[in-house]
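Use the sequences and the hints to build the structure in full.
Heads up: the protein sequence lines correspond to chains A and B, in order.
Per the numbering used here, residue 491 is the first one in the first sequence, and the count goes up by one each step.
Per the numbering used here, residue 9 is the first one in the second sequence, and the count goes up by one each step.
Hints may be right or wrong, so weigh each one.
[Unchecked claim] List of simulated lysine to aspartate or glutamate pairs, DMTMM-like, C-alpha gap at most 25 Å:
(1) Lys521(A) x Asp55(B)
(2) Lys616(A) x Asp92(B)
(3) Lys616(A) x Asp93(B)
(4) Lys616(A) x Glu95(B)
(5) Lys604(A) x Asp92(B)
(6) Lys91(B) x Asp612(A)
(7) Lys604(A) x Asp124(B)
(8) Lys616(A) x Asp124(B)
(9) Lys40(B) x Asp612(A)
(10) Lys91(B) x Glu651(A)
(11) Lys755(A) x Asp92(B)
(12) Lys40(B) x Glu688(A)
(13) Lys636(A) x Glu651(A)
(14) Lys681(A) x Asp55(B)
(15) Lys525(A) x Asp55(B)
(16) Lys722(A) x Glu560(A)
(17) Lys681(A) x Asp38(B)
(18) Lys525(A) x Asp612(A)
Hints were generated in silico from the structure; no laboratory data involved.
Given the structure is predicted, the values throughout are model-derived calculations rather than measurements.
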Amino acid sequence: MSAASSDHPFSLFLGEEIGQIDYAQLKVRNKCLAKAGYPQNLNVMLGQPRNPFRHLIITARTFGPTSVEEAKRVGFGRDSLSAPPSVVSFDPNYDRAYDSCTDDAWKALSDDAKNVYYGYFDLGNKLSQPLSRTINERMGVSAWQKLLSCLDDKGHRPRSEQEFLQTPNPGLFGVPVGVDAAEGLDRWQPKQVPGTVEVGPAVPATQYQAGPVESALAVAWFECRQQTGIDKLQLQTAVEVQRELVDKYESSFMELNPQVTRIAKQAAELIGAP
Amino acid sequence: MRVRQIIAAAMTGAAAVAIAAAPAQADRGDSKAACNKGEICFQWIYDNFSTSSYQRHFWYNDSNHGNDYWSNIPDLYPAFVIKDDAEGLWNRDTTCAVTVYDLANYATPYTTFPRDFRAAISPRNNSHKRCA
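In structure tokens:
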């Protein structure tokens, strides 16, 4: 458990490996579906594994922009990765093939792969759910009052101070922040013809560009975090909270990590990944 | 939970005359009562999705649960938004894990659901994203 004593305690969480397992299961399942006459999922799947718990890699960026330049460009938003299209079914034969191929793909990995995979998602969620709230509470109202006061001096006021002190969310300043450039896909409507499987639009990777109002708030937010020392305090607090959570779930890490490592290796061998 | 069940019972009677407040084009998945393959389904009172009432389904991402109503079937139950009010999630997306965020605009990741998985969740849902 040496990672628990480091400055990145959550590095003990094997997010890349769970992404590898996920990818291999998906690939085997999709090949099975293609053989059954349904190539749609195989045709649109991502070209490489993706860690579904990248948000557990805690850095200064986790808490906002880390430079004036970054604050000006992306504000509080983030660039988005591409995502595959939604594949939706109106065909009971596809549904049956999907269920059968899903089961077979798990078994192709190993008898315990499915349970370990779901168990590890559960562990990841036990880490992520309390993280932000605990850090905010641990830092205390006085820290957030300092930030609020500094932002106020620069002309930025939230719609509710009380709400801000509970959850220091830049969205409370009435500035449209972080809107995803891939918005609008929710307008897609499949034809829903019985007996068909439809593929929606893919979600492209997008570079987020903040508007001038968001940029101004983000620059003030970055400068105030630095001036008040909240940037360092938040990172220190985050390390402490991560350590506590790793300690709390130590037995789960001890039980699951060797299994995840083993199954990820089997997964890579199964699909010929490096 | 008791309060929710009483409200739910009252709303069932009112549904016939209710007028939907959500945009007509909003993503509601296939707009059928059941949570079907390919959909991302939220449930108000979690019962393992054994009943079809008080659900909201999506095909894609949504950056603001504050303007999505418990109205999976159009014009039904438009009184409450799903923001911070979902107690169950079933991810039937055929490709992606789904991350639910504590705040709107995909801020503060809270819980990530793998494919083909349903369970109770804490009602801290303001947005969700596929393959985040």
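Checked hints:
A distance of roughly 34 Å separates the Cα atoms of lysine 521(A) and aspartate 55(B); the hinted pair therefore is violated under the 25 Å criterion. Using a Cα cut-off of 25 Å, the hinted pair lysine 616(A) and aspartate 92(B) holds, with the two alpha carbons roughly 18 Å apart. The straight-line distance between the Cα atoms of lysine 616(A) and aspartate 93(B) is roughly 20 Å, inside the 25 Å bound, and the hint therefore holds. Between the alpha carbons of lysine 616(A) and glutamate 95(B) the distance comes to roughly 16 Å, so the proposed pair stays at or under 25 Å and holds.
A threshold of 25 Å between alpha carbons decides the hint, and for lysine 604(A) with aspartate 92(B) the separation of about 30 Å lies outside it, so the pair is violated. For the hint pairing lysine 91(B) with aspartate 612(A), the CA-to-CA distance comes to about 22 Å; that is within 25 Å, so the pair holds. Distance hint between lysine 604(A) and aspartate 124(B) is fulfilled; the C-alpha atoms sit about 11 Å from each other, no more than 25 Å. Note on lysine 616(A) and aspartate 124(B): the hinted pairing holds, with a Cα-Cα distance of about 19 Å set against a maximum of 25 Å.
For the hint pairing lysine 40(B) with aspartate 612(A), the CA-to-CA distance comes to about 29 Å; that exceeds 25 Å, so the pair is violated. Between the alpha carbons of lysine 91(B) and glutamate 651(A) the distance comes to roughly 21 Å, so the proposed pair stays at or under 25 Å and holds. The straight-line distance between the Cα atoms of lysine 755(A) and aspartate 92(B) is roughly 39 Å, outside the 25 Å bound, and the hint therefore fails. Distance restraint check for lysine 40(B) and glutamate 688(A): the Cα-Cα separation of roughly 16 Å lies within the 25 Å cut-off, and the hinted pair is therefore satisfied.
For the proposed pair lysine 636(A) and glutamate 651(A), the alpha carbon gap of about 12 Å is at most 25 Å, so the pair holds. Taking the CA atoms of lysine 681(A) and aspartate 55(B), the gap is near 30 Å; set against the 25 Å cutoff, the hint is violated. A hinted pair counts as satisfied when its Cα atoms are at most 25 Å apart, and lysine 525(A) with aspartate 55(B) does not qualify at roughly 36 Å. At most 25 Å may separate the alpha-carbon atoms for a hinted pair to count; lysine 722(A) and glutamate 560(A) meet this at roughly 18 Å.
For the hint linking lysine 681(A) to aspartate 38(B), the alpha-carbon distance of about 10 Å falls within 25 Å, and the restraint holds. For the proposed pair lysine 525(A) and aspartate 612(A), the alpha carbon gap of about 32 Å is over 25 Å, so the pair is violated.
The earlier numbered hints that this structure contradicts are 1, 5, 9, 11, 14, 15, 18.
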